[in-house]
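Novice: Note that the protein sequences, when read in sequence, are chains A and B.
Using the working numbering, the first residue of the first sequence is number 1, and each one after it goes up by one.
Using the working numbering, the first residue of the second sequence is number 1, and each one after it goes up by one.
Calculated directly from the structure, the hints in this document are not laboratory data.
For clarity, every value in this text was computed on a predicted model and none was experimentally measured.
The beta-carbon is built from N, C-alpha and C at its ideal position, and this holds for glycine as well.
You may find that some hints are simply not true.
[As the list claims (entries may be wrong)] Examples of chain A residues lying across from chain B (beta carbon under 10 Å, computed):
| id | residue |
| --- | --- |
| 1 | Gly55 |
| 2 | Ala318 |
| 3 | Cys327 |
| 4 | Leu328 |
| 5 | Asn331 |
| 6 | Gly332 |
| 7 | Tyr335 |
| 8 | Tyr336 |
| 9 | Asp338 |
| 10 | Ser343 |
| 11 | Asp347 |
| 12 | Leu350 |
| 13 | Ser351 |
| 14 | Val355 |
| 15 | Ala357 |
| 16 | Ala358 |
[As the list claims (entries may be wrong)] 20 Å max Cα-Cα, derived EDC-like pairs, lysine to aspartate or glutamate:
| id | chain 1 | residue 1 | chain 2 | residue 2 |
| --- | --- | --- | --- | --- |
| 17 | A | Lys2 | A | Asp118 |
| 18 | A | Lys2 | A | Glu382 |
| 19 | B | Lys211 | A | Glu382 |
| 20 | A | Lys319 | A | Asp229 |
| 21 | A | Lys2 | A | Asp34 |
| 22 | A | Lys2 | A | Asp77 |
| 23 | B | Lys211 | A | Asp347 |
| 24 | A | Lys319 | B | Glu46 |
| 25 | A | Lys319 | A | Glu341 |
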Amino acid sequence: MKIAIVVQRYGADINGGAELHARYVAEHLAPHADVRVLTTCARDYITWRNEWPAGTDVVGGIAVERFPVARERDVIDFRERSAVVFKHDHAIQDELAWLDSQGPYSPSLIARVRQAADECDFLVLFSVRYHHAYHGARIAPHKAVLVPTAEREASLGLAIFPPVFRGVRAIMYNSFEEQALVQALSSNAHVPGVVVGIGSEIPVAVDPDRVRRSYDLRNPFIVYVGRIDANKGCADLFRSFLEYIERTGRMLDLVLIGTAVLPIPAHPHIRHLGFVSDADKFDVIAAAEVLVMPSPYESLSMVALEAWALGKPVLASAKCDVLVGQCLRSNGGLYYGDSAEFSAALDTLLSDPHVAAALGDHGRRYYHEHYAWPVIEGKYLEMFERLRTSPPTHVMQPLPNWIERRRRTVPPAEAVVAQLPAGPSRSTARVDAPRHAPRAAVDAP
Amino acid sequence: MADQNQQHGRRPHFHRGRRGPDRRGNDRRHLPPQEQQPSRDHVDVEQIMREIRARISQRHGIDLTTQQIQELAARRLEAILDPRTVKPSLLEQLRRSAGAPVEARPADPALSYSFEATTLYESPSGFVRFMRRLLQPLLKLFFNPNPLIQAMHTQAQINQAALAREAERERRQAEWNALHYEILQRLVTEISRTSLETQGLSMRVEALAAKVDFNERRVRGVENTVHLARPAARTDSAPAPHQPAAPVQPRESTPSDTPTADVSAREGSSEGGRRRRRRRRGRRPSMGPLEGQAPPVVGDPSAGGVAADMDLEADIDEEDDETVAPEEPTASATPPAPEVPEPAYVIDRFVSSPPPEVSTSVPQTSGESSPPAPEPVAPAASDLASPPDPHEPTDSGSGT
Numbered sequence: 001m002k003i004a005i006v007v008q009r010y011g012a013d014i015n016g017g018a019e020l021h022a023r024y025v026a027e028h029l030a031p032h033a034d035v036r037v038l039t040t041c042a043r044d045y046i047t048w049r050n051e052w053p054a055g056t057d058v059v060g061g062i063a064v065e066r067f068p069v070a071r072e073r074d075v076i077d078f079r080e081r082s083a084v085v086f087k088h089d090h091a092i093q094d095e096l097a098w099l100d101s102q103g104p105y106s107p108s109l110i111a112r113v114r115q116a117a118d119e120c121d122f123l124v125l126f127s128v129r130y131h132h133a134y135h136g137a138r139i140a141p142h143k144a145v146l147v148p149t150a151e152r153e154a155s156l157g158l159a160i161f162p163p164v165f166r167g168v169r170a171i172m173y174n175s176f177e178e179q180a181l182v183q184a185l186s187s188n189a190h191v192p193g194v195v196v197g198i199g200s201e202i203p204v205a206v207d208p209d210r211v212r213r214s215y216d217l218r219n220p221f222i223v224y225v226g227r228i229d230a231n232k233g234c235a236d237l238f239r240s241f242l243e244y245i246e247r248t249g250r251m252l253d254l255v256l257i258g259t260a261v262l263p264i265p266a267h268p269h270i271r272h273l274g275f276v277s278d279a280d281k282f283d284v285i286a287a288a289e290v291l292v293m294p295s296p297y298e299s300l301s302m303v304a305l306e307a308w309a310l311g312k313p314v315l316a317s318a319k320c321d322v323l324v325g326q327c328l329r330s331n332g333g334l335y336y337g338d339s340a341e342f343s344a345a346l347d348t349l350l351s352d353p354h355v356a357a358a359l360g361d362h363g364r365r366y367y368h369e370h371y372a373w374p375v376i377e378g379k380y381l382e383m384f385e386r387l388r389t390s391p392p393t394h395v396m397q398p399l400p401n402w403i404e405r406r407r408r409t410v411p412p413a414e415a416v417v418a419q420l421p422a423g424p425s426r427s428t429a430r431v432d433a434p435r436h437a438p439r440a441a442v443d444a445p
Numbered sequence: 001m002a003d004q005n006q007q008h009g010r011r012p013h014f015h016r017g018r019r020g021p022d023r024r025g026n027d028r029r030h031l032p033p034q035e036q037q038p039s040r041d042h043v044d045v046e047q048i049m050r051e052i053r054a055r056i057s058q059r060h061g062i063d064l065t066t067q068q069i070q071e072l073a074a075r076r077l078e079a080i081l082d083p084r085t086v087k088p089s090l091l092e093q094l095r096r097s098a099g100a101p102v103e104a105r106p107a108d109p110a111l112s113y114s115f116e117a118t119t120l121y122e123s124p125s126g127f128v129r130f131m132r133r134l135l136q137p138l139l140k141l142f143f144n145p146n147p148l149i150q151a152m153h154t155q156a157q158i159n160q161a162a163l164a165r166e167a168e169r170e171r172r173q174a175e176w177n178a179l180h181y182e183i184l185q186r187l188v189t190e191i192s193r194t195s196l197e198t199q200g201l202s203m204r205v206e207a208l209a210a211k212v213d214f215n216e217r218r219v220r221g222v223e224n225t226v227h228l229a230r231p232a233a234r235t236d237s238a239p240a241p242h243q244p245a246a247p248v249q250p251r252e253s254t255p256s257d258t259p260t261a262d263v264s265a266r267e268g269s270s271e272g273g274r275r276r277r278r279r280r281r282g283r284r285p286s287m288g289p290l291e292g293q294a295p296p297v298v299g300d301p302s303a304g305g306v307a308a309d310m311d312l313e314a315d316i317d318e319e320d321d322e323t324v325a326p327e328e329p330t331a332s333a334t335p336p337a338p339e340v341p342e343p344a345y346v347i348d349r350f351v352s353s354p355p356p357e358v359s360t361s362v363p364q365t366s367g368e369s370s371p372p373a374p375e376p377v378a379p380a381a382s383d384l385a386s387p388p389d390p391h392e393p394t395d396s397g398s399g400t
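Build out the structure end to end from the sequences listed, making use of the hints.
Specialist: In structure tokens:
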């Protein structure tokens with residue numbers, strides 16, 4: 001079986017969610033299939049500047065073909081086009097222009113995808129909101145297995161995406177919330193889909209004392225791992241944490257791991273470790289009392305899964321349905337909607353070790369039952385096998401004609417997203433399970 | 001006696017002396033606190049979040065925004081005004097006038113006229129006006145129009161002044177109405193806010209009372225744990241009669257704990273009775289004697305525990321099986337105490353001859369053949385170090 005994984009960036013040092021997701025999937029499917037990665041030369045997801053040389057490369061034993069990005073992102077143009085399609089009535093053509101503006105715009109990559117559609121059994125396309133995934137799905141819908149990594153954000157409400165969700169061969173969802181969101185948006189229940197998620201490379205042993213010594217972490221601490229950005233909820237996290245420290249006087253630190261886009265408050269209880277190695281990251285998580293995940297937009301929080309794999313409870317933002325759903329399904333974390341809930345939940349976790357340990361145990365069990373690599377690999381292979389043995393039953397809806405594409409009758413994307421159903425899902429029953437999937441693979445996560 | 005047990009809602013007699021699951025019938029009491037703690041699997045995120053949010057709402061009281069409070073106040077204000085005595089449209093009128101600027105009502109043009117000396121001769125027609133002015137001296141030959149003109153002029157001035165006064169009065173009245181409405185609205189708003197705060201405070205009081213109750217129960221549970229551990233320590237020391245004092249120190253005796261009789265005779269078996277009294281005192285701190293029963297007698301070992309309910313009896317009954325065992329040998333060796341008031345929860349009299357295997361492993365209290373004896377008291381520290389009674393249970397596992 002030949003599989004081409006198409007993703008916007010690819011590299012051993014890229015830790016973005018979808019990119020890491022793609023790399024893990026490629027590496028874990030490699031023993032079962034002939035896997036090839038098609039990607040761009042970009043390393044920066046904001047500018048898509050070509051930083052890697054074009055051509056073939058090998059990363060972690062996987063053949064990687066890189067194609068140059070023809071046009072870097074013009075941030076101002078992208079912002080203006082975003083305002084048009086997100087906030088005003090607009091036309092399909094505006095959305096297509098927005099997609100080109102967002103990038104990564106690489107005609108050579110699209111041409112290679114068209115060629116790979118003939119060579120490979122399946123194209124695994126990551127992140128529907130990007131140029132390569134949308135056009136790749138339209139080029140070869142009968143071979144396109146989409147990993148949408150869709151979140152409740154404005155771009156999901158664009159009118160160009162529902163036909164893609166209805167037209168691809170199969171969809172691998174990250175969470176039940178994502179599945180519910182996409183199905184409510186596009187009515188694509190007929191498309192084979194499974195909630196898979198992603199595992200992680202959890203080390204066999206961790207050494208919390210080592211990082212306590214090396215980073216001089218003397219106080220108990222909670223940890224945040226990820227990009228330190230206001231869009232990730234970090235500003236709210238800082239405010240809530242400082243209020244909590246001021247109110248309780250507890251000797252507790254907030255340790256931040258990741259690149260800072262947002263100014264970090266200068267406070268003795270806030271420690272920024274910067275970008276650390278995976279080993280350090282896991283050791284810090286293991287040394288922490290709680291992993292805090294304030295992001296309101298997550299399709300799947302790998303860091304939360306890693307914390308659960310290490311037996312640590314998670315304190316997540318209640319604004320993110322996916323995180324709340326995961327906390328509820330795993331019974332492994334608490335969530336907060338405001339500072340008062342943050343304080344109360346943190347108090348519960350810190351002052352009651354029994355509860356924290358129990359939540360951590362539940363999380364560990366949840367991870368191993370639903371996100372261990374054998375489970376993930378099994379779901380992918382079962383889906384491929386199902387698709388190979390059954391012919392496609394649906395086709396991709398074509399784009400409207402030239403005149404229709406220019407009619408300004410499409411509602412604002414934000415209004416569309418606002419009408420989608422919200423809320424976490426407690427259900428573990430898959431909506432559209434593969435007929436031959438094993439039970440464990442069907443019910444999880 | 002078994003019937004009597006049933007009558008009092010107590011565990012049937014056949015449970016007595018049995019151990020293990022067959023002894024624990026459906027009326028098994030709650031587990032001790034340390035066993036009641038939920039296991040790790042029983043932690044529920046939703047439940048924890050509900051508790052967290054309940055705590056927050058308790059702390060904040062009923063958390064309403066200012067807008068919500070004002071809406072509530074507006075509804076209350078409407079409810080205050082009785083439609084039978086107050087015009088229904090008044091409130092709406094006041095509400096409108098409170099927000100709107102005060103405008104003077106336009107004066108009636110019929111009242112606000114002016115009357116001058118030439119008014120009598122005015123006309124829209126210029127010719128008529130000219131002829132009247134021409135013939136005015138002739139007219140004055142017939143009558144004097146000046147008093148009439150003067151009176152009408154004065155009346156016009158009076159009308160103007162009255163209209164001005166009326167306008168001023170209406171303006172002031174409108175301002176007063178707006179002020180009164182504003183005050184009334186603020187009062188009702190404040191009352192609403194205060195009542196909400198009162199509700200919040202009462203909820204806090206309830207929560208604190210529940211916490212106090214919980215803490216009391218916890219203290220009792222800890223005491224219970226200590227009491228449950230004590231016989232084990234004692235039975236552990238039983239095979240070694242010459243060991244020094246047992247590790248558990250009994251509490252200080254209070255006057256009410258000290259009976260007047262049989263103290264010296266029952267030193268070695270009095271701990272169970274003391275435990276009973278402590279439990280009763282803790283469980284029903286403010287409860288008096290039951291209706292129709294005599295109040296506790298000073299010096300009576302059962303003092304303070306007359307009102308024990310059936311639940312308590314079952315509890316004591318169960319505990320008694322395991323921990324009050326020493327009473328049996330000592331009671332049989334002790335002459336019956338005459339005319340001792342019978343405590344309501346005395347359980348020894350319900351115990352007939354225990355099964356033989358129980359008599360060794362789980363000693364029972366004195367049987368009904370022996371008259372009820374006064375309650376024993378807790379032994380002093382030296383009592384625990386005294387040589388063991390030959391009837392002292394040797395089963396170290398009992399009572400734990």
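Novice: The structure should be examined with respect to each hint, and the outcome stated for every one.
Specialist: Tested hints:
1. Gly55: violated, 49 Å
2. Ala318: A/Ala318 check passes; min Cβ-Cβ to chain B is 9 Å, inside 10 Å.
3. Cys327: holds, 6 Å
4. Leu328: With Cβ-Cβ at 6 Å, under 10 Å, it holds.
5. Asn331: Interface hint status for A/Asn331: holds (5 Å vs cutoff 10 Å).
6. Gly332: holds, 8 Å
7. Tyr335: This interface hint holds because 7 Å falls under the 10 Å limit.
8. Tyr336: holds, 9 Å
9. Asp338: holds, 9 Å
10. Ser343: holds, 9 Å
11. Asp347: holds, 9 Å
12. Leu350: At 13 Å from the nearest chain B Cβ, A/Leu350 fails the 10 Å test, so the hint is violated.
13. Ser351: violated, 12 Å
14. Val355: holds, 6 Å
15. Ala357: holds, 7 Å
16. Ala358: This interface hint holds because 4 Å falls under the 10 Å limit.
17. A/Lys2 / A/Asp118: holds, 11 Å
18. A/Lys2 / A/Glu382: holds, 15 Å
19. B/Lys211 / A/Glu382: Violated: B/Lys211 and A/Glu382 sit about 54 Å apart, past 20 Å.
20. A/Lys319 / A/Asp229: Status holds; Cα separation ~16 Å.
21. A/Lys2 / A/Asp34: holds, 5 Å
22. A/Lys2 / A/Asp77: violated, 38 Å
23. B/Lys211 / A/Asp347: Given that 20 Å is the threshold and the Cα spacing comes to 18 Å, the pair holds.
24. A/Lys319 / B/Glu46: holds, 16 Å
25. A/Lys319 / A/Glu341: holds, 12 Å
Hints 1, 12, 13, 19 and 22, counting from the list given before, are not met by this structure.
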